[in-house]
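The listed protein sequences derive, respectively, from chains A and B. For the first sequence, my numbering gives the first residue as 41, with consecutive numbering after it. For the second sequence, my numbering gives the first residue as 5, with consecutive numbering after it.
Note that these hints are calculated values from the structure, not bench results. Just to be clear, a hint being listed does not mean it is correct.
No more than 20 Å apart at the CA atoms, straight line, and that leaves these computed lysine-lysine pairs for PhoX-like [claimed, not checked]: (1) B/Lys265 x A/Lys373; (2) B/Lys161 x A/Lys95; (3) A/Lys174 x A/Lys255; (4) A/Lys179 x A/Lys255.
Here are the in silico distance ranges between beta carbons for each label pair [unchecked claim]: (5) A/Ser61 x B/Asp11: 22 to 32 Å; (6) B/Glu345 x A/Gly368: 22 to 32 Å; (7) B/Glu97 x A/Val401: 35 to 45 Å.
Which bits of chain A does chain B cover? Going by a derived footprint, with three or more residues having C-beta under 8 Å, they are [said to hold, decoys possible]: (8) 42 to 49; (9) 78 to 91; (10) 277 to 285; (11) 312 to 319; (12) 343 to 352.
The beta-carbon is built from N, C-alpha and C at its ideal position, and this holds for glycine as well.
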Amino acid sequence: MKISFLDERLESIYSKVKQGSRLSKEDGMCIYETPDLIGLGHIANHVRCNLHGNKAFYVYNQHLNYTNICKNRCRFCAYAKDDGEKGSYVWSMAEIEKRLMERIDEPVAELHIVGGLNENLNFDYFIDLLKTVKRIRPKASIKAFTCVEIDYLSNLSGLSLEETVRQLKAAGLDMMPGGGAEVLNTRVHDALFPKKIGHDRWFEIVRTVHKAGIKTNATMLYGHIETLEERVDHLISLRELQDETHGFSAFIPLAFHSQNTQLSHLPPTTAMDDLKNVAAARLMLDNFSHIKAYWVMIGESLAQVALNFGADDLDGTIIEERITHTAGAKSAKGLTQDQMEGMIRSAGFEPVQRDSFYNPVLN
Amino acid sequence: MHMSHIDTIIKKIEENQRIDSIEALDLYRKLDLLTLGSLANQKRFLFHPEKVVTYVVDRNINYTNICVSGCRFCAFYRSVEKGYILSKQELGEKIQETIDLGGTQILLQGGMHPDLEIDFYVDMLTSIKEGFDIHIHGFSPPEIDFIAKRSHLSVAKTISILKKAGLDSIPGGGAEILDDDVRQRVSPNKCLSKEWLEVMRQAHLQGMRSSATMMFGHLEQDFHIIAHLEKIRALQDETRGFTAFIPWTFQPGNTKINVKKKTSVDYLKVLAVSRIFLDNIDNVQASWVTQGDKIGQTALFFGANDMGSTMIEENVVASAGVNFMLPEPELKRLITTAGFEPRQRDCFYDFL
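Generate coordinates for the entire structure from the input sequences, incorporating the hints supplied.
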């Protein structure tokens with residue numbers, strides 16, 4: 041189809057995309073810099089429709105944040121508490137079981153489980169956690185623990201990374217989310233999350249996990265102090281790692297929410313930036329199957345629009361989102377299946393309820 | 005080469021030819037969001053080649069919430085016993101605050117109060133103009149039609165009296181959907197379509213400018229939306245009095261109409277079709293009040309060249325449970341980060 045671009049630099053990106061050639065770092069910069077949002081959307085939508093046609097995916101899921109006690113205390117985080125601080129918590133197995141049982145009649149296909157680095161927990165807690173969830177929800181997939189948690193668990197267990205992952209997998213770990221990558225850059229790391237693992241270790245863990253046959257997602261937290269170049273570099277390093285392992289499932293751009301964090305002076309991300317991050321991901325990450333528009337962070341309304349800017353997945357129904365809402369998110373805490381499907385249909389797409397591995401779920 | 009029906013319509017738009025309502029309906033039903041956006045964006049730049057987005061600093065003042073219109077989509081109105089009428093002092097305070105915040109106009113609207121006649125309005129306008137140098141954008145057509153009937157005056161006479169007392173321009177509210185079947189189901193006591201249009205015609209004939217609006221997403225069908233645009237365009241051909249068109253979506257919270265809220269994609273498509281179809285209206289406004297800041301900004305790529313008002317005060321949409329706030333610096337940031345220069349304007353869309 042012929043697209044009339046307002047920014048002629050997009051012509052060459054479009055012809056590269058049509059030929060299936062890989063975009064360069066300069067192309068990535070142009071994607072972030074162009075004022076032609078609609079033109080950019082057309083190119084990203086072209087790629088998205090070639091991959092997924094008219095389908096847009098979502099998962100019926102439940103979030104479990106087992107503890108908010110975290111020793112890392114990243115500057116961008118509003119969720120973490122110190123041990124003993126008012127509002128800090130850790131869920132016992134009984135509490136986890138109760139939360140699962142409360143929703144046992146719902147068709148939850150995926151449990152998304154992440155938490156803080158809590159020094160009171162031992163490795164057995166995590167094995168128990170996985171086994172408990174599997175016992176109560178044997179048919180649902182467990183998508184749990186970011187690379188940051190895996191690193192911590194390997195220290196806790198005193199086991200090698202490989203052995204840690206092997207034991208977690210044996211206890212029920214099916215997949216890993218993409219959080220904790222933030223921006224894979226030393227400058228940003230040192231300024232915002234100095235106690236968190238650096239990008240070398242992040243890559244090492246992802247490689248190990250993928251090698252063990254566990255798929256992961258990948259993310260980028262944008263809208264704080266990172267430069268456009270650092271964003272493009274982040275995407276390119278993920279693309280290179282994916283060439284090597286083919287273990288990434290989806291990429292999720294995460295819009296930073298500053299409220300109640302040490303960066304609360306920063307304004308919220310704009311629609312322009314949110315949509316560009318979706319489009320940039322779709323165009324730069326030519327070896328990723330899926331790009332998510334995470335409605336919790338960019339809002340339901342814009343997530344729907346983002347389906348036309350390169351996203352093919354709206355993530356999940358969730359019901360009880362905690363982390364971003366602590367940082368001031370104004371989106372709903374959950375969406376019903378009806379709302380989710382309505383949003384997708386009115387955006388011009390066909391909803392597909394999926395499992396963690398993008399297989400359609402038949403109700 | 006054989007061109008599809010849609011391609012023919014697209015070509016017409018690109019050649020800046022007028023499209024008819026059947027073609028507009030086809031576009032709305034069949035075209036994807038981004039192609040509609042591209043076409044609307046092209047039209048927007050034909051009207052406004054400069055990369056500027058305007059906004060106005062003003063305040064919505066509802067002089068009364070007492071209203072006998074009984075619109076089923078409204079969560080704001082009250083009965084005579086339970087409602088209020090602002091005193092002159094309250095009005096004065098609100099206006100002074102507006103001026104202190106850099107405001108240049110007030111949007112003065114009420115309900116359709118059963119006991120007030122023309123003298124009340126003349127007195128209110130006169131006292132505002134005596135105390136303040138401020139533009140009064142006031143009284144939507146249903147109010148003017150109601151005041152005329154209550155006061156046994158013609159619409160033309162009513163407008164000329166209000167104008168003389170200080171009314172500067174008329175907001176396009178209360179249009180809802182200009183189709184009487186739909187109107188009678190959603191706002192049974194409000195003036196009919198032809199009466200709404202007649203108020204605007206008479207105002208324009210007396211040299212008064214007005215905006216035009218459309219509230220959709222309640223009981224209308226898609227063809228009613230296009231028919232609404234058609235009526236606005238036809239009147240504009242006749243009078244050239246409309247400054248801007250502002251579509252927004254019905255907010256179902258706390259109202260008597262139980263429908264699913266229109267989505268952001270629905271809104272952006274209607275906005276884009278409006279920009280394309282209304283080839284004789286200079287400005288199209290984004291509605292951040294109903295859509296929020298993110299879709300408000302996105303609207304700038306789907307045909308809107310104006311961000312509307314900073315709305316120092318807004319009561320009607322807020323009473324339906326939708327409460328977006330956008331102070332002037334934040335409004336300007338949204339415009340700037342979208343790649344446009346923000347310019348404060350007056351009611352006639354002239355830069356300040």
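Structure-based check of each hint:
1. Note on B/Lys265 and A/Lys373: the hinted pairing holds, with a Cα-Cα distance of about 18 Å set against a maximum of 20 Å.
2. Distance check on the hinted pair: B/Lys161 and A/Lys95 sit about 58 Å apart at the alpha-carbon level, beyond 20 Å; violated.
3. For the proposed pair A/Lys174 and A/Lys255, the alpha carbon gap of about 18 Å is at most 20 Å, so the pair holds.
4. Among the hinted pairs, A/Lys179 with A/Lys255 is consistent with the structure: their alpha-carbon atoms are about 18 Å apart, no more than 20 Å.
5. The supplied range of 22 to 32 Å is met by A/Ser61 and B/Asp11, whose beta-carbon atoms lie about 29 Å from each other.
6. Distance hint check: the CB atoms of B/Glu345 and A/Gly368 are about 29 Å apart, consistent with the given range 22 to 32 Å.
7. Distance hint check: the CB atoms of B/Glu97 and A/Val401 are about 59 Å apart, inconsistent with the given range 35 to 45 Å.
8. Under the rule that three or more residues need a Cβ within less than 8 Å of chain B, the assignment of the segment 42 to 49 of chain A holds, with 3 such residues.
9. With a threshold of 8 Å between beta carbons, the proposed coverage of the segment 78 to 91 of chain A by chain B holds, since 5 of its residues qualify and at least three are required.
10. Evaluation of the coverage hint for the segment 277 to 285 of chain A: breached, as 0 residues show C-beta separations to chain B shorter than 8 Å, against a requirement of three.
11. Requiring three or more residues with a Cβ within less than 8 Å of a Cβ of chain B, the coverage given for the segment 312 to 319 of chain A holds, as 4 such residues are present.
12. Coverage of a stretch by a chain is defined here by at least three residues with a beta carbon nearer than 8 Å to that chain's beta carbons; for the segment 343 to 352 of chain A and chain B the count is 3, and the condition holds.
Comparing the model with each earlier hint shows violations of hints 2, 7, 10; every other hint is respected.
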